[in-house]
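*Asks:* So you can see what is in the structure, the chains are spelled out below.
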Amino acid sequence: MNRSKSLGVALASVLLGGGALALAGFALSSASPHQAALNCIPSQTAAHTCSLSLSTFPDSMAGEQGNNGGVHPDWVSYSNDNLAVPANTTVDVTINQYDSGGSLNNTFFDRVMGTVGGVAIIDGKTVSSVDPTNVGHTFTLRGIPGSGKTLFVSVPLPADSNTKPVNIGQGQYTKPVVVQFSFKTGSKAVYEWNCEFPCGSTREGQFGEAMSAYGYMSGTLTVN
Amino acid sequence: MTTSNNKKSYRGLFLTWAILTIAGALVGIFGPSRLMPRSMSDNMHLTILTMVVFTVAAAPVAAGVYASALYALRHWAHKGSEVPPSGPAVRENAMFVTTWLIVSTLLTVFLLIWGLGALAVDNSSTGKNPLVVDVTGQQWVWSFSYPGTHVSSPQLYLPDNREVEFRVTSKDVTHGFWIVNMGIQVDANVGVITTIHTTPDKLGLFNIRCEQFCGLNHAFMVTVGHVLTPSQFASWLSSQPQQA
Amino acid sequence: MTTTLEHTKTASIPQGGGLARRQNFLTGLIGGAIFAWLFWFLAHHFLDATSRTWSDEVAASVTLGWIIGFWLGIGALNAPGRWLIGKNNTRADDLYLAGQGQGKSRYWKFTTDHKVVGVQYIIMTMVLLGSGGILAMAIRTELIVPGNHFVNQQVYNGFIAVHGMLMILALIVAVAGPWGNFVMPIMCGARDMAFPRLNALSLWTLVGAAALLLTTLAVGSLTMGWVVLEPIANQAGVGMDFFAMAIIVFTVSTTVAGVNTICTVLTMRTKGMTLSRLPIFVWGAIIAAALGLYAFPYFSLVEAMTLMDRTFSTSFFVANAGGEGWLQANLFWLMGHPEVYVILLPAVAALFEIAAVMSRKPVFSYRTAVAGMTGLAGLSILVWAHHMFTTGWAPTLGGPFMLTTELISIPTGLFFLVLIGTLWRGNIWMKLPTVWMFGFIANFIIAGVTGIYLSDIPLDDQLHGTMFVTAHFHYVFVGSVLFGAVAALAFWFPKVTGRYLNEFLGRISFWLVFIGVQVTFLAMFASGLKGMPRRYSSYALIFEHTNFITTIGAYIIMAGMLVLLGAVITSWNKGEPSGPNPWHANSLEWLVPTPPPLENFDVLPVITEDPYNYGEELVRS
Amino acid sequence: MSIDTESEHAAHGGHDDGHHEPPEVVDGRQKMGVWLFIGGDMIGLSAILFTFLYLRGVNTDGHWMSMWGYTGHPYSYYYNILDVKGGSIPNATLIKVGPLSAGLNWFVTVLTVLSAGIIWMAERGLRATKNVKSYTTMAGIATAVTILSIVYGIIQLQHIPQIFTAHNDSLTMAYTAYDSAMMAVDGSVVIHLFILAFLGLGLTIRSARGVINGTKWYQARLVRLFWVWVAISSVIASLVTTTVNTIH
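Residue numbers (the numbering used here), protein chains in the order written: chain A, 1 to 224; chain B, 1 to 244; chain C, 1 to 621; chain D, 1 to 248.
One should not assume that every hint holds.
Capping the alpha-carbon separation at 20 Å, the derived lysine to any residue pairs in SDA-like fashion look like this [said to hold, decoys possible]:
(1) C:87 with D:211
(2) D:216 with C:85
(3) B:128 with B:146
Derived by calculation from the structure, the hints in this document are not laboratory data.
Throw the hints in and build the complete structure from the sequences for me.
*Replies:* The structure is reproduced here in structure tokens:
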């Protein structure tokens, strides 16, 4: 083989192989679920304020997992996972909590932390902590954008003990516990949030399954 | 190759070695300390010093290998498609092997003595009134509590110039508690308490990252800490909500 | 040189022969699929009838079904079956099994000829390296900028686990597989491996394991890293069951291959081939095989225990039930550190061989080379806890393990002594294998020096678990072992194909990979020093630049490896013909025709001196 | 490499020589192979016993043979309480499982040793008397004894008690550290016994068909080597597991 032919082979290898790799990458990327973002709705009355509304369900029948609850219809879920909020804004969050609960394995998370005033409004009552033996989930947001600025918000969502039935999507639930709180965003960054109540069902710390899988009990909060 | 030629060219070998050694030593002195995070404790000072010393010590060895390889390439490389003639049939050189063994053993002994000494310093505790901090890892949040005070926090606050003893544990899986600016890390294990200690000696902000793979959001299990003056620390402690 | 050795007389090719002679890779796949389905059906019916998704019990059953079916389908279980019912193979059977007169189709069968197995290992190494490489590129693409843009963190975590294990498998077999099978028996003057059927079994078992490993990504979330960290492996999805079973099956393959290698070297050497006349590569192969035989039982045991924790609810690693994660760390690293040398030693030994032939000199200080490799193997079983310095397990043992770990630098240093000593004042023939060998020397010194940092506990307390560690062992595996493996490929390629590996393409590939390695992993060292932990799916802005450079470097490596692949494909059938002994070497594999005939030697040679008599009076032939 | 071409043909008469190695060479090679596999198996056994002793060593606070949970009912009982009736199960109690029956353990071991003894006697008889028929009979008996020990080995595994634990509303089954380690040890023994049963059956059939006979007895010896090793490993395992079994 002469040099020019060899160069041709080299070029062809890189192009063909690179093309095949790019295709493989594209396939891998599209096989990896990315959910559409839930945008924070700007307030009509107050400047630099917007509101987000979320729910937590004891299964996946009403969330984003699809009509039949997706692959794991029995896994607990948040209604949305990918949240988008503006920078330097007060975000008012309302979470409808439909799930039952039990004891936290780390009582650290029975406190309301990082919200405006350090409090949350649970079914109309303003509280700064809840009973650690009767928690359904938590909304715990953290992450570090890099420059030492941190955003840490953790709000416990008490267990739902109501009995009045409610239907949402294909799921049948009971009347929810309503938790409201606000926090302030800083500059542009990406944060992760998840639930810190051990509600997955494998043995180590109950953090398997829905807790360890993308798109159930955790998600992203993008500040842009 | 005549003897005089040999001597001349071995001078080249020596020069290459010297230049590479100096370059390596310079990289060792200025490279890591530039890249590594701001040092905020006695342990981290020692870590950076060890890094520099080891790099400087390794420089002549690595330079020796590079210089010999380059020298061999320069003088004995045989290009072309015909097989070169046989080289000298040297099978052994007891002097060379022995010298090599002695030098590498001495270097290893040096590394060991330095390492064991540094380890002893690293592990030494003043034992004087250390501040105890309980560190709890849970997927994917660190929490810190101060025994005897009912205070707990998602960020770590430490007083300056006082030894701190961290008692580290985990609620679910193994995490790795690492104070990036203080050169200390230990795993947080379920059902076990592991301890490490350090003495912060610079005021300011520092980073805490999880260095043991802990699942989905491992990359986000990060938080920051603050080294405060003792009086600032006392007022921070008293300002915190008390937890039952 | 090789003229008098004729091709073995062709015995009449047996006709017919029933089902067993129609088995090939395809029937293996079909068998595997049928049994996997059968085991799924039974397990689902009896163990887990209610669940809509797979439980761990079902997943483990499916993997078991797959490997049994694959073995049955390809014909791996014919020999034990025939043994059980008292039928012995005739000579014609054995020749058929060795692939006599079957043309290219013998490469797709349970063929016992060691040269066929060697070629199959070349293909398997390329498949494993290729799929691991795709994942490496995916990982680097994800890390090119901060944030999870390319894939989400769950998929990413699967990538790092499977990339790691695929590459470990690929490198364990990269030198010992192809060349330990293709040339090693000829080097010893043997007609085949000691146990040819076990040889084929080890190859096809590896294929079965690789298939399981490649499916793990599709099956489910793998949140445990390649080391199968406990207790987090207990949280992972059913992909973990596939992963563990793949490793258990793989250890069967390596154990069988190790026994075979040792027996071949110890009992099949031809007359006059004393241990001190053995080509140095054979020493590397047998020491690595012995080390593997020691190490891999821990591997299968720890994965079996992981599987039991997940399927039978045992508590080996469950802390609140009396188990302990550190038990997993101990068992894993009891295997894990020797395994590094199982990977490294064959590559280093191949480079000794190449250095001697290409610089036309004897291996410098043959005894030192053997002593160095043996010493390294011996020390490597005493250092496992240096992977656990920061876990908090037994802090008082830190000093002793630091001692054993740093002692390793002495035998490692001897490798440089032997390589440089062999090159010194030689006439170094700058062909493709030599070029890659120089690349090895340059990279291995960086790998060694950075290893010293990590063996020092105060430094390890800062660098452990960071990208610094990742960069260090990639300098070992990519910078050193891969370079050794490519050098070995370029060196023995003419013996397999009768053609040179294209010199020009090989050099383009060398420069791309060499530069790519420096760019990628020097920048990765910087990330680690700055404080970026490993296995991060996303990172803070301060790590932006070094990660970007690393990703660019990784793409350069990819381009280089693709050129190498192009060189292998085009050279295999169309390369420049090389003749039977292109490097004018003296060891036995070069003295037989190319390609070597079935059973290699017409008449077994009698050896009177070692193959490194360059420049000595006694040179004959 | 220098090849002595003069002596080549002197050493080997014909062209085809060397393709057929003498049987004793092949036998010796296979013996080395068996020893190497036994060597690997020794590492495996030591790793299992390391696990057993390690777990014993770290559980000095009473978790070696005990666990918080419920026992005495099958899974469905607790499942019904939790998920069907929707109630809550009573508070967990500290359940001490106690050591498994040492008698049953040693019974399996003694059976294994017995079968190893039979297979060894049979081989000696075959080599001394060349009587294949009695070898076949004894190999058959050894196989039957092995199958019996498999049965008791499985019975032993079934005696390992399950404990149920619940956290919030999820119920899991678990074994204590001791039971887990016992499952590894006994499971390994049973797997080895399955291999012995296969080998014993093979010896029986092969000697019945005359493939193994008074002159070709080497395979019987190879199998015996492995068989004796399994018996020894079983004794070692039983010694460790029945002496290191105090509850605290």
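*Asks:* Take the hints in turn and mark each one as holding or not.
*Replies:* Verification of the supplied hints:
With a C-alpha separation of about 8 Å, the suggested pair residue 87 of chain C and residue 211 of chain D falls inside the 20 Å cut-off, and the hint holds. With a C-alpha separation of about 16 Å, the suggested pairing of residue 216 of chain D with residue 85 of chain C holds against the 20 Å cut-off. Using a Cα cut-off of 20 Å, the hinted pair residue 128 of chain B and residue 146 of chain B holds, with the two alpha carbons roughly 17 Å apart.
Violated hints are absent here; each numbered hint is respected by the structure.
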